[in-house]
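Residues per chain, in single letters:
Number of protein chains: 2
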Amino acid sequence: MKLYGYWRSSASYRVRIALNLKRAAYEQVPVHLVKQEQFSPDYLALSPSGVVPALVTDDGRVLLQSLAICEWLDETVSGPNLLPDNEYDRARTRAIAQLIACDVHPLGNTRVQAYLRAEMGQDDARMTAWLHKWITTGLAAVEAMIEGSTRFAVGNRASLADICIVPQLYNARRFSVDLTPYPKLLAIDEEAARQQPFIDAAPERQPDAPPP
Amino acid sequence: MKLYGYWRSSASYRVRIALNLKRAAYEQVPVHLVKQEQFSPDYLALSPSGVVPALVTDDGRVLLQSLAICEWLDETVSGPNLLPDNEYDRARTRAIAQLIACDVHPLGNTRVQAYLRAEMGQDDARMTAWLHKWITTGLAAVEAMIEGSTRFAVGNRASLADICIVPQLYNARRFSVDLTPYPKLLAIDEEAARQQPFIDAAPERQPDAPPP
Numbered sequence: 015m016k017l018y019g020y021w022r023s024s025a026s027y028r029v030r031i032a033l034n035l036k037r038a039a040y041e042q043v044p045v046h047l048v049k050q051e052q053f054s055p056d057y058l059a060l061s062p063s064g065v066v067p068a069l070v071t072d073d074g075r076v077l078l079q080s081l082a083i084c085e086w087l088d089e090t091v092s093g094p095n096l097l098p099d100n101e102y103d104r105a106r107t108r109a110i111a112q113l114i115a116c117d118v119h120p121l122g123n124t125r126v127q128a129y130l131r132a133e134m135g136q137d138d139a140r141m142t143a144w145l146h147k148w149i150t151t152g153l154a155a156v157e158a159m160i161e162g163s164t165r166f167a168v169g170n171r172a173s174l175a176d177i178c179i180v181p182q183l184y185n186a187r188r189f190s191v192d193l194t195p196y197p198k199l200l201a202i203d204e205e206a207a208r209q210q211p212f213i214d215a216a217p218e219r220q221p222d223a224p225p226p
Numbered sequence: 015m016k017l018y019g020y021w022r023s024s025a026s027y028r029v030r031i032a033l034n035l036k037r038a039a040y041e042q043v044p045v046h047l048v049k050q051e052q053f054s055p056d057y058l059a060l061s062p063s064g065v066v067p068a069l070v071t072d073d074g075r076v077l078l079q080s081l082a083i084c085e086w087l088d089e090t091v092s093g094p095n096l097l098p099d100n101e102y103d104r105a106r107t108r109a110i111a112q113l114i115a116c117d118v119h120p121l122g123n124t125r126v127q128a129y130l131r132a133e134m135g136q137d138d139a140r141m142t143a144w145l146h147k148w149i150t151t152g153l154a155a156v157e158a159m160i161e162g163s164t165r166f167a168v169g170n171r172a173s174l175a176d177i178c179i180v181p182q183l184y185n186a187r188r189f190s191v192d193l194t195p196y197p198k199l200l201a202i203d204e205e206a207a208r209q210q211p212f213i214d215a216a217p218e219r220q221p222d223a224p225p226p
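Residue numbers (our numbering), protein chains in the order written: chain U, 15 to 226; chain R, 15 to 226.
It should be emphasised that the hints constitute simulated quantities derived from the structure, not laboratory data. By construction, the Cβ of each residue, glycine as well, lies at the ideal position given by its N, Cα and C atoms. The reader is advised that the hints may include incorrect statements.
Said to hold, decoys possible - Now the in silico label distances, taken between C-beta atoms and shown as ranges:
(1) U/E51 / R/D72: 25 to 33 Å
(2) R/A158 / U/M141: 25 to 33 Å
(3) U/P55 / R/H146: 18 to 26 Å
(4) U/A39 / R/D72: 43 to 51 Å
(5) R/R37 / U/R188: 33 to 41 Å
(6) R/T194 / U/G162: 30 to 38 Å
(7) R/E204 / U/A201: 32 to 40 Å
To be verified - Here are the simulated EDC-like cross-link-like pairs (lysine to aspartate or glutamate), alpha carbons at most 20 Å apart as the crow flies:
(8) U/K36 / R/D88
(9) U/K49 / U/E101
(10) R/K16 / U/E101
(11) R/K198 / R/E133
(12) R/K36 / U/E101
(13) U/K147 / R/E101
(14) U/K49 / U/D88
(15) U/K16 / R/E101
(16) R/K147 / U/E133
Unchecked claim - Short, incomplete list of chain R residues facing chain U, as computed with Cβ under 8 Å:
(17) L60
(18) D72
(19) G74
(20) L78
(21) Q79
(22) T90
(23) V91
(24) G93
(25) E101
(26) R131
(27) T150
(28) T151
(29) G152
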């Protein structure tokens, strides 16, 4: 499989974690978002709006949207399940994943930030306030959605929820969000930091990351 | 089941379509977004960030996030499947649904529009440009993701993709987006307009819609 993505894209980071949890072999094809490579005709032929990631399967099919790709991996690749066994826990897992993927991440991604600066004239201070507003609202909601004290967001095994939480916390730190109000999320992040699939998926470890 | 939602919320509209396709009985509890009822302590106890919809099951469990709710309905309620049978078509269905739910809808919802106006001083013209930018980018991508000519987005049966497309087109019309560049989406919308589950889910038909 070939994963088209970008080292610092949080949606690409999610799919890397999922592929690693499944112990799937994949090749990475970097799409440099800052250099606008996502708008090259070749990439647009895979992803019509230029968003990353895209996963091209061994039989040449193109899969888009990080959570849809993770669900496909869960349905077609052996290895640990990315969703819990019972329906209610699955719904809670997907709800946490989607709260991050729909209500938090899209408001802070590269193209939206670029638009707010270029077309709406927003300066650094207002951009920071905007990013903090949606990240803190979302993280507080996710913190409240985690029931009991388990090693991961839903149960003791990494799931689609954690696949979204860890990259979102990485993003939050990039934008200097204070994470102390979210002790459950920090505990999940610490647990993930001890597990190889998460370690290997970290942005700085990717082939297209700039040298340290 | 009780569906907490708002007549014009596109995420609530999705869940109404799904419930209707499944022929599930449900009671609606309106949460008036413009009157800020989503921030009442009672509603925040259900949905910690105040987003709609929330579905409360017959055994009192709270489900959040429209697509997670639809997947739960598909797994637990009999009736027509909301996802196709094979894995690749399921991935494509979820990708279309998520492109709308992640890359289009969150950028135009009520709370984001309110923030852009109040905190970033954006006027009507700039708000229109912002909404059109994300809606047209997203709809063009979805149009390109629809393969062949089937009655619905993926195959001839309504799926999670159509559940997202129809409310997004409703939103696009609200904001006077020209839909002529998207003939496949318009054909799906026409097909849906002939089917009772979609007709009954329309915003204007809901108990909390203002009188015509």
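Are the Cα positions of R/K147 and U/E133 separated by 20 Å at most? 11 Å, holds
Regarding the hint that R/L78 lies at the interface with chain U, is the smallest CB-CB distance below 8 Å? Holds, because the Cβ-Cβ distance from R/L78 to chain U comes to roughly 4 Å (cut-off 8 Å).
Given hint U/E101 paired with R/K36 - CA-CA distance at most 20 Å: 17 Å, holds
If you draw a straight line from the CA of R/K16 to the CA of U/E101, is it 20 Å or shorter? 18 Å, holds
Keeping to a limit of 20 Å between CA atoms, is the pair of R/K198 and R/E133 held or broken? 38 Å, violated
Pair hint U/K36 and R/D88, alpha-carbon separation not exceeding 20 Å: 25 Å, violated
Hint validation: R/T151 versus chain U, beta carbon distance must be below 8 Å. Holds or violated? 5 Å, holds
R/G74 was flagged as interface toward chain U. Is the shortest Cβ-Cβ separation under 8 Å? 11 Å, violated
Minimum Cβ distance from R/G152 to chain U below 8 Å? It holds, given that the least Cβ distance between R/G152 and chain U is near 7 Å, below 8 Å.
Mind checking the alpha carbons of U/K49 and U/E101 for me, to see if they're no more than 20 Å apart? 42 Å, violated
Do the Cβ positions of R/R37 and U/R188 conform to the proposed distance bound of 33 to 41 Å? Violated, since R/R37 and U/R188 (Cβ atoms, about 46 Å apart) do not stay within the stated range.
Proposed interface contact between R/R131 and chain U, which counts if any beta carbon pair is under 8 Å: 11 Å, violated
Figure legend: structure checked against the earlier numbered hints; hints not met, in rising order: 1, 5, 6, 7, 8, 9, 11, 13, 14, 17, 18, 19, 23, 24, 26, 27.
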